[in-house]
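Peer 1: Sequence:
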Amino acid sequence: MDIPLLDLVAQYRSIKDDLDRAVLAVVESQRFVLGPEVEALEAELAAYLGVPHGVGCASGTDALLLALKALGAEPGSEVIVPSFTFFATAGAVWNAGLRPVFCDVDPDTFNVTAATLEAAWTPRTVAVVPVHLFGQMAPMGEIVELARRRGAFVLEDAAQAVGARSADGVAGAVGDAGAFSFFPSKNLGGFGDGGLVTTRDAALAEKLAKLRVHGGRQMYHHEMVGTNSRLDALQAAVLRVKLRHLDGWAAARRENARRYAALLADVEGVRLPHVVDGNFHVYNQFTVRARGRDALRKHLTEQGIGSGIYYPVPLHLQECFASLGGKRGDFPVTEALCDEVLSLPIFPELGEDRIGRVAESVRAFYT
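All residue numbers for the sequence shown refer to the working numbering, where the first residue is 33 and numbers rise by one.
Any given hint could turn out to be false.
Using 30 Å as the maximum straight-line C-alpha spacing, the simulated DSSO-like pairs for lysine-lysine come out as follows [stated by the list, open to error]: (1) Lys-330 - Lys-218; (2) Lys-359 - Lys-330; (3) Lys-218 - Lys-242.
If you're looking for bench data, these hints aren't it; they were derived computationally from the structure.
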């Protein structure tokens, strides 16, 4: 692609010397699992997000899974998740021995609301997982109020939203716990998988730290049945370097989004991302709703322009969840989004000229 959806090579080259030094320091130390680099990253990210506790783990999926396991809920208890999200949101619920219950999302923000969550509520609901999709926070104030009233745990899926904020607070710092992913394509991405759970609850943080190391703090002494979900020191070292650049990258992404909005505002057939007043959107993706989405994507590909579809199949219609009884028509907003959404390049190094080319190609398709 002349203009890729994401260019991690450009990011690496911009901070190559610092990254190389950080990786080499870990190699020379020969301390690769947990240790001082991970502890430093946990402290730095917790401070950045404004929470007292951060617990590193092996992936964003595991961040969700460990937090759900830490609930200690009765097997089969229900957890409400959006049908329009990445698979891990629901997969983690299933793998924690709980039952995912799907709900619809807001057609403008693509996020759950208190109303969409409440529509799926049953007496067996023990938790909700609002996803801050594409880098914009869900309305956490109303969601937390609903959960408190009904006695449910709130786990924020902030995998795509590190640094996002709203009038309610910072992503991952408003609910009972927050789950972050450091997959390479994320705004804060490592050189492989990695994740973090945030919380204000010291007892929960202690439990998470045990669960990620086979259920115990002391080797060969296991207080509970945990798993192996430790963050590598190499990933932590890379992330500590990148964290120093995160705000600058977010500013560049936001400027790129502003340019797209100016260039595409009058294009019929394209519905631009809606940002709620007071929200600080960090644009992990720049996702539009497009008439004739598949044909537009084919057109962009022919022009050498990368794009992505997040997500083409609703979770309630996924084969692996057939036993839950989902059927077409259950969540009309989600189903429409899966037919219409298209993500355009938004990475910080994109630049004004390439944004102009992408926008012109979109405009040409519709005119």
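Peer 1: Output the numbers, in ascending order, of every earlier hint that fails for this structure.
Peer 2: Nothing - there is no hint that the structure violates, so all of them hold.
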